[in-house]
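Make a model of the complete structure from these sequences and hints.
Residue numbers (our numbering), protein chains in the order written: chain A, 1045 to 1644; chain B, -6 to 344.
Simulated from the structure, these hints should not be mistaken for laboratory data.
We treat Cβ as the ideally placed atom computed from N, Cα and C, and that holds for glycine.
Accuracy of the hints is not assured; some may be wrong.
[Unchecked claim] Sample of chain A residues facing chain B (criterion: CB under 10 Å; computed from the structure): (1) PRO1196; (2) ASN1487; (3) PRO1488; (4) GLU1537; (5) ILE1541; (6) CYS1611.
[Said to hold, decoys possible] Below, a list of computed lysine-lysine pairs in the BS3-like style, where the Cα atoms sit at most 30 Å apart: (7) B:LYS186 / A:LYS1538; (8) B:LYS140 / A:LYS1538; (9) B:LYS154 / A:LYS1474; (10) B:LYS(-1) / A:LYS1469; (11) B:LYS140 / A:LYS1474; (12) A:LYS1474 / B:LYS64; (13) B:LYS233 / B:LYS154; (14) B:LYS233 / A:LYS1474; (15) B:LYS154 / A:LYS1538; (16) B:LYS(-1) / A:LYS1538; (17) A:LYS1538 / B:LYS155; (18) B:LYS233 / A:LYS1538.
[To be verified] So the derived label-pair ranges between C-beta atoms look like this: (19) B:LEU12 / A:PRO1488: 22 to 28 Å; (20) B:PRO49 / A:ASP1565: 35 to 41 Å; (21) A:LYS1538 / B:ASN322: 53 to 59 Å; (22) A:LYS1538 / B:ALA162: 35 to 41 Å.
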Amino acid sequence: MEPTNTGEPNYYHRVVDCQWACPAHTDVPGYIRLIAQGRFDDAYLLNRESNVFPGVLGRTCDRPCEPACRRGRVDGSPVAICRLKRVTSDLKGDIADRLPQAPAVKNGKRVACVGAGPSSLTVANDLMPLGYEVVMFEKFDRPGGLMRTNIPEFRLPDRVLDEETGVILDMGVDIRYNSPVDSLRALVDEGYDAVFVGVGAPRGKELDLPGRYEDPEHVHIGIDWLESVSFGHVESIGRRVLIIGVGNTAMDCCRTSRRVGADDIKVMARRPREYFKASPWELEDAEEEGVEIVVNHAPKRFVLENGRLVGMEFDVVEWDEGARHSSVVDTVIIPCDDVILAIGQENAFPWIERDLGLDFGDWDMPVVDTTTFQSTRPGVFFGGDAAWGPKNIIWAVAHGHQAAISIHQYCQGEDVAARPHEAMKLTSTKMGMNEWSYHNDYNPSPRQQMSHVELTRRFEALNLEVELGFTAEQTAREAQRCLNCDVQTAFQEKLCIECDACIDICPVQCLTITTNAEENDLRSRLSAPSPNRDQPLFVSGALPQTGRVMVKDENVCVHCGLCAERCPTSAWDMEEFTLDIPYASGVRHIPVRSVGAVRS
Amino acid sequence: MPSITKPLIPLAPLAKNELGLTIRDYEGAMSTLCAGCGHDSVTAAITHAFWELSTPPHMIAKLSGIGCSSKTPTYFVRGAHGFNSAHGRMATIATGAYAANRELTYLGISGDGDSLSIGLGHMAHAIRRNVKMVYVIENNGVYGLTKGQLSASADIGSRPKKGEANVIAPIDPIMLGLSLGATFLARSFSGDKEQLIPILKAAVAHNGLALIDVISPCVTFNDHEGSTKSYRFMREHEVKEVVADFVPLRREIHASIPADGTRVVPMHDGSIVRFRSVPEDYDPRDRSRVEEYIREHQARGEVVTGLLYVDESGQTPHQMGHTPATGLNKVAFSDLCPGSAALEALQEDFR
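Shown next as structure tokens:
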């Protein structure tokens, strides 16, 4: 194999599995170390830099980081990254003077944002400090988009959302509530320098089965129903409720039903449990609240008596291996008072005229460049669910950052396709003989469990937050479970004397000195089996004494630094990797860490 | 020493040996030797060898004297018996322990100071008695624990870190062993576990004293330019013409003797050592040829490594003394010491 080019930021970035998996590339190990030091303000601000809504995401994120977390490969349970994010929000002090500010003198450019959801708010967050004037159009009377309307308050309290949207809006965003945009042409004609469309995927999917429209009062579209509950338009539901679909919206619907009067709630799934879209922890929470999850039931028709919904008929199915084909084994009618359809969301752009030079492609979706987020009409950008269909909040934030870069370049007359590059800093963590600026010992604690409000009290109020957050002890323990994957094992082959000390000490046998070969051959000759081909091999250049190479399997390195401690020549060093993520403002908004000597 | 102990990471598929133990069960305390010390690699090789042999830890006795090398038994097989004796007395303690309990596997760790200076006489007598033990000399050519003076194994012309080059002739433990009638002689290099681990395994199987001279560089006091016991010198001057594989009894009974000149030496316990890529005129059972071969290479400044000499026909002290098959420690006291009446009867026989 060719020697690994660790000078290219993506190599070390990929080693930091959580940061690599996060669409916004949040510096997870960095903020967890700040938490461990009790520096909650700094930890919050470091989060905010990339993901903008730490308090919201610390409760609601889909957590792509956690399945990626190396700790999961080591002891089976990833670090509770999301819960620790919430800790930063819960325990931070007054940070008002460290938040981004808009300059008094504007740069003369006006940007319209359609929708006040996470992607639009991120665009405003990035552009306001640069002097842009941002006008935001929101169809409801409060900001937040789906964070407001679709996530129930018992999961995300209003005060948390208000605070984090407020930070952005208070920079002077010209937000216009109750102002749905019904014509893009009219908006464009108002002469904005750029338009950002962040309207989400606002239409719940229909289930066109017999009887669907005969008792419309008792058959609800999930996201619309949640919205109505959120705005206080709906305060009750029947005693027996069926939820069709088993995604995260279904989980919010069943748990909300439990709080507005239902006590016999069934979530009806067509497929077996391992194919559910809902996050496992949301399923657990629902089941804890007495919701029944029913698998292998395919809806067939709505059952009505005298025009009133009384139940639903289902085919009971069996699936083949891999759950591709099903066969019907029985048919049942399950009685109910209400049905909530939660089988997905769609985009809808009835308000965009089709003769604006803005092309629509497959499934009537706008054609949007995947890098620049620009539509085929220059100056009109898309992001969040509006761009490529439903994802989740953290993706919307990532889109917002990228769209803000495009809008900034577009407004400054630069090529939007010429993107700023990511860069990295590597800082040695060596403080002295076997002393490091990070805590390198492995903590064998199991993943800490979130405590919940007792079931007897949980349903007293619709807005009673269920999760209580981590205690100080839990926080300390969980922070120590992080393996500091961003503290990289940096190797300089010219210093190596091939004494084998690093190989002998490595607690996971991830190092090997051997003759170079192509990857398959190398992987077959490592100190320990190399089952995970998704994780790269580090291969050094030829070692000075024998011409062999140092090979490191990145899969389960726990970054304990023992290789560097046992190295007599400092060929190994533990170097903290910092990814410099480009934003519209070019640099980090808030310096949260001082960087010492940087190795060139 | 490291700031933390080597953490026990519960990676799911840690391989297990026949006893159900993982390699971590054959480790010991954290090493306090200098980072990069060759002795730590020997420790790792011993850990591997015992794990692969599935030797029960409680059936191993680790013995040592004084010196950096003699500290290392603490760093492997924490479940084994151990005795850290006076300087140079490892061989005597091993002889005594072996006399009392022949059932344990004895592993003596010594250094060039412990065995070739202060303990040379004890080592010589353990060799000629053929005590059944593995005798490892971690040979680095200097007294590391006293800051790097040249030892008795330093080659003529070898330079210490400070001062003049050596002018006194070295003691070569292999040549010494050949002259004392040793039955198993090997030389290896701490930086070459692929060679060292099979030699260690064969040594455990050997019926008698197995002497392994391991060149184990002192990274602090003898790893510089001009040293003949440095990592670089060994990599440039090591000759590995005698390559031996250890084939345990259980694995490969049908070990046929191939036509390509590979030599097979059956060991006492039924396992075999298979020599491959051995020079045609080399016979690891021919004492004088082995001596000549080593001298030829020494004259060229080369260090021959490998399992150099093996003779399975030798007898252990217990065989010579016709003692019981079990350890003497298991023989009842009344049988070991039958009393004054029995003594008098015995003496009467000689009158």
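Earlier hints that do not hold, by number: Violated hints: 1, 4, 14; rest satisfied.
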